[in-house]
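Could you use the hints to bring the two separately framed chains together as a complex?
Residue numbers (the numbering used here), protein chains in the order written: chain A, 1 to 132; chain B, 1 to 85.
No lab work stands behind these hints: they were computed from the structure.
Note that the Cβ used here is the ideal one computed from N, Cα and C, for glycine as well.
Wrong hints could be hidden among the right ones.
Stated by the list, open to error - To list a few chain A residues with every Cβ distance to chain B over 10 Å, as calculated: (1) Trp6; (2) Ile18; (3) Asp35; (4) Phe45; (5) Ala62; (6) Glu131.
Unchecked claim - A short list of chain A residues far from chain B (calculated; beta carbon distances all over 12 Å): (7) Ala7; (8) Asn24; (9) Gln26; (10) Glu46; (11) Asp52; (12) Phe75; (13) Gln81; (14) Pro85; (15) Ala86; (16) Gly120.
What the hints assert, rightly or not - Label pairs and their calculated CB-CB ranges: (17) B:Pro26 <-> A:Pro125: 26 to 34 Å; (18) B:Glu20 <-> A:Arg10: 43 to 51 Å; (19) B:Trp82 <-> A:Leu28: 24 to 32 Å; (20) A:Pro29 <-> B:Pro26: 40 to 48 Å; (21) A:Gly120 <-> B:Trp82: 15 to 23 Å; (22) A:Gly120 <-> B:Asn24: 41 to 49 Å; (23) A:Asp124 <-> B:Val45: 39 to 47 Å; (24) A:Asp52 <-> B:Pro26: 37 to 45 Å; (25) A:His118 <-> B:Glu21: 36 to 44 Å; (26) B:Gln41 <-> A:Thr23: 22 to 30 Å; (27) A:Glu131 <-> B:Gln41: 36 to 44 Å; (28) A:Thr132 <-> B:Asp76: 16 to 24 Å.
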Amino acid sequence: MARANWALRRGRPVIQIILTLATNGQALPRTLLADTGAGSRKSGFELILDEDDCLLCNGVPAFPITLSGAYSGSFPRYDIQVQIPALAFARKLRVVGVPAAPAGFDGIACFGFLNRFHYGNFGDPGQFGLET
Amino acid sequence: MAAALSVQDRNRELARRINEEARNNPQSPYANKMVGIANGQVVVVADDWDEMSTRLRQIEPDPRKCFALEASENLDEVHEIWGSM
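Next comes chain B alone, as it looks inside the complex (with noise of 0.2 Å):
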């Protein structure tokens, strides 16, 4: 059944698992960590978006392959953009 997955399918559901682990765990190893993951797999954990994102790029250069978080961001916020438009 996971094969039938797509990579981004994958990348996504591999995302949400570790974002719910590190709301859940402060002491897991993603917490509050900037993690990329390409094709189904964890490939980098750093501090910061841009190392991250760099090194991201680096190991899987198709960005369809790859999905980017920040672990024990809360998903659920709502956030305002006041009267620009």
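Bound conformation, chain A alone (with noise of 0.2 Å):
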């Protein structure tokens, strides 16, 4: 069992990724708003990202795909490679790329991907985790 946790952002529960940039292969962090309200357990996506990020870590494309609410209209959809190391977490993920993620964070983890671990404060209300 591992568990990672990450201090609330504007108060709100946030999680760190980690991109690689196809360029020169370094890692490329990104700090990521985590909703559970974003998709469902079978949206076809997991992660909201910038789509300049997408494209920089070569992004395998995919079926655009639709949304509604805060983002709303077709999205480009790509595969990306993405880890949470603290979690032994290396993994190809389908992620929407838009272009401009919500002010403050560099994209959405969406309930898919929350719905891998096991999440919540762990008894800190100053912070949000995950754990496997």
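In structure tokens, the structure reads:
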């Protein structure tokens, strides 16, 4: 069992992932709003990121997807390598690329992703965490 | 005419046909499978997205020449993103 915790940002739950830049293989840390209201268990995407990040990290194109609500319309989808080293998590995930991430964040960790783990504050109201 | 299509166009058109076949025929070998396409051809079929993607990148490292899909996906579905902005 492993757990990773992150301090709330602007009072909201976040997680940090690591992407990999295609040009030089460098790690690209990204802080995502953890939002269980984003998508469902079977939405066909797990994260929402700035589309530039998807392209910089060698995203393989997939079919676009239609969103409504905070993002509305058709958006491109990519297959991207995502890591959370503290959880020994490294997998390729389906990611929606958007023109701009929510203000103050680099993207959204959607329900489909959070639901891979146990998630919550684990008794500390100032933090949010994921546990395998 | 087909030769005039770009690799990305050919990949996307093949993916569209595979998805349509899988949705119309549950006995299709692609039904509910993860499919990787490179240079206009199916190069990997797997049950798991991560496995498919890993093998696809081994076969064709250039993502611009690849396409990935979950066959049988309903592409007309609208997905809600509740007010996170």
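Notebook entry, point to check: Where does the structure disagree with the numbered hints, that is, which hint numbers, in rising order?
Noted result: 3, 4, 5, 10, 12, 13, 17, 28
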